[in-house]
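A.B. asks: Sequence:
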Amino acid sequence: MATDTSASIPPEPSQASEPSDVYDEHENSDLDSVFTDDDRDGDGNPDITRNYNRQRPLHSNQQKPTANTSASIDDQIAILSKHAAKIRLDNVKEGQDREKDKADRATSEQVLDQRTRMILYQMINRGVVSEIHGAISTGKEANVYGAVAYPDINGSPVQRAVKVYKTAILSFKDRERYIAGEHRFKSGAEKGNNRKMVKLWAEKEFRNLRRIHAAGIPCPEPIQLKLHVLVMGFLGDRKGYAYPRLRDANIEGEDADQLWRQLYIQLLGIMRRMYQVCKLVHADLSEYNILYNDRKLYIIDVSQSVEHDHPRSLEFLRMDIKNTGDFFRKQGVDTLPDRTIFDFITSSEGAVEEPGLTEAIEQLYASRLPSTGDETAAAELEVDNEVFRNQYIPQTLEQVYDIEKDARAIGEGEGDKLVYRNLLADQVVTKPEAENLTSEDESDEGAPLDSDAGSDDESKFAKGTPRGKRFEDKDEKKVGHLDS
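Residue numbers (this note's numbering): 1328 to 1811.
What the hints contain is simulated information worked out from the structure, not anything from laboratory work.
There could be a bad hint or two in this list.
To be verified - Distance ranges between label pairs, derived from CB positions:
id: 1; residue 1: Ala1693; residue 2: Leu1554; range: 49 to 59 Å
id: 2; residue 1: Glu1731; residue 2: Leu1586; range: 18 to 28 Å
id: 3; residue 1: Asn1577; residue 2: Lys1732; range: 50 to 60 Å
id: 4; residue 1: Ala1462; residue 2: Asn1577; range: 16 to 26 Å
id: 5; residue 1: Pro1484; residue 2: Glu1709; range: 43 to 53 Å
id: 6; residue 1: Gly1560; residue 2: Lys1732; range: 49 to 59 Å
Unchecked claim - Computed cross-link-like contacts, DSSO-like style, restricted to lysine-lysine with a CA-CA straight-line distance of at most 30 Å:
id: 7; residue 1: Lys1606; residue 2: Lys1531
id: 8; residue 1: Lys1413; residue 2: Lys1553
id: 9; residue 1: Lys1623; residue 2: Lys1657
id: 10; residue 1: Lys1566; residue 2: Lys1606
id: 11; residue 1: Lys1649; residue 2: Lys1531
id: 12; residue 1: Lys1467; residue 2: Lys1553
id: 13; residue 1: Lys1526; residue 2: Lys1606
id: 14; residue 1: Lys1413; residue 2: Lys1467
id: 15; residue 1: Lys1467; residue 2: Lys1493
id: 16; residue 1: Lys1623; residue 2: Lys1732
id: 17; residue 1: Lys1566; residue 2: Lys1649
id: 18; residue 1: Lys1566; residue 2: Lys1467
id: 19; residue 1: Lys1553; residue 2: Lys1606
id: 20; residue 1: Lys1566; residue 2: Lys1553
id: 21; residue 1: Lys1732; residue 2: Lys1649
id: 22; residue 1: Lys1553; residue 2: Lys1493
id: 23; residue 1: Lys1657; residue 2: Lys1467
id: 24; residue 1: Lys1649; residue 2: Lys1606
id: 25; residue 1: Lys1467; residue 2: Lys1531
All C-beta atoms, glycine included, are put in the ideal place defined by N, C-alpha and C.
Go ahead and model the full structure; you've got the sequences and the hints to work with.
C.D. replies: Here you go:
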């Protein structure tokens, strides 16, 4: 009797051995509504396994371990943060005592954002630099800080410079003319993404420095680039004092005038080598972007430099010639006309190494027309420079304003007066006299009257029998077959 009762009546909750096996009829009905008819087995009971597999998300791999990336980043920050004390934005030089201050770290955090500090920590951890000191120069685009590296543990320290481009404050409103036409900015300036623009700007200076340094032109040696942080060689003494700008150079003495003239000739040679060897135009060359030490000039700040085939490269070159010429004239240097310098730099013929550059410039001085007086010569030079500075310089033949007029000038032998004559082929502007005479003599002789000579010449160009079976003569083909 007990067996029949247990088969027909469900057990009471108090009679169950485990509370987990007890289900309410209402809960069972709710669970049954989750399963469809296809998710039931042969006895009509819900197939839990099939329904579970159906509800699992697609393309999920439960066996793949998930990496705790946040913990990994925290570990890296904790490891690199030990170098925080090595970033001291003070002006302590080698041999001076330094006092530790708790505000040093706070000062660096205010000047450098977290992203920049992490990059500097990585460079310190890798040994690129060991310590970072105060700012060498500050500008609206970037700040340059002094740094010290210890390549050899027992050796002397090596001074280096770290250039940090500003990402939040930097504005590229006035940089459109340098970016337009540059192959590194094919997609144009992304005004909404300053970090990406600064990164490309830093890469551009790094590549330009490598090209200039490889050509033997005095400039900072590029060492490493990471996003918007550039590590360069330091232009200064061993104690960490940077070379002065040309504007602040203290050149005095009896030979001061002669030294200024030598520096002017040296700069003209550098500009020609940059154009002819490096294929670059500085585009912002002035006394502020040139360093001076021991009768030698150093070129810096080449982030805006463009290649010689840039749409506005010749315009930038003319601007560089004007800025440098105005500065040296203030120092009492007898400068050459802007157009003469422009032709000297852009001419493909001539020396590009010393001492040939200095000799070529001295020849330009010697070839000038004699002037009646100092005031008259200065007035003529000023007029020539103003005319040249306002003259339109085409970059390609498509930009020539009146090509027919220029073609007539070339035909009349006045091609050397064109401002873009160095962009044309040499034989177009001026033709050798011997070549012209030989061509005239040949034209006077006329054609030979001997018909045999003419037939011989025509026989050279006579066409032979084409090759291929379909061009063979059928009769000759049959005779050859019978002979064989």
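A.B. asks: Return holds or violated for the Cβ distance of Gly1560 and Lys1732 against the range 49 to 59 Å.
C.D. replies: Holds, at about 51 Å.
A.B. asks: Check the hint pairing Lys1623 with Lys1732 against an upper bound of 30 Å on the C-alpha distance.
C.D. replies: Violated, because 45 Å separates the two Cα atoms, which is more than 30 Å.
A.B. asks: Check the hint pairing Lys1413 with Lys1553 against an upper bound of 30 Å on the C-alpha distance.
C.D. replies: 19 Å, holds
A.B. asks: Holds or violated: Lys1566 and Lys1467, Cα atoms, limit 30 Å.
C.D. replies: Satisfied, since the Cα-Cα distance of roughly 27 Å is no more than 30 Å.
A.B. asks: Taken at face value, is the distance from the CA of Lys1606 to the CA of Lys1649 at most 30 Å?
C.D. replies: 20 Å, holds
A.B. asks: Sort out whether Lys1467 lies within 30 Å of Lys1413, counting only the CA atoms.
C.D. replies: 25 Å, holds
A.B. asks: Does Lys1553 sit within 30 Å of Lys1566, going by the straight-line distance between their CA atoms?
C.D. replies: 26 Å, holds
A.B. asks: Against the range 50 to 60 Å, how does the distance between the Cβ atoms of Asn1577 and Lys1732 compare: consistent or not?
C.D. replies: 51 Å, holds
A.B. asks: Take the C-alpha atoms of Lys1566 and Lys1606, compute the straight-line distance between them, and say whether it is at most 30 Å.
C.D. replies: 35 Å, violated
A.B. asks: Range first: 49 to 59 Å. Now tell me if the beta carbons of Ala1693 and Leu1554 are that far apart.
C.D. replies: 51 Å, holds
A.B. asks: Regarding the pair Lys1467 and Lys1531, is the alpha-carbon distance no greater than 30 Å?
C.D. replies: 18 Å, holds
A.B. asks: Decide if the proposed pair is consistent with the structure: Lys1553 and Lys1493, CA atoms, cutoff 30 Å inclusive.
C.D. replies: 14 Å, holds
The structure fails to meet hints 2, 10, 16, 17 from the earlier list, while all remaining hints are met.
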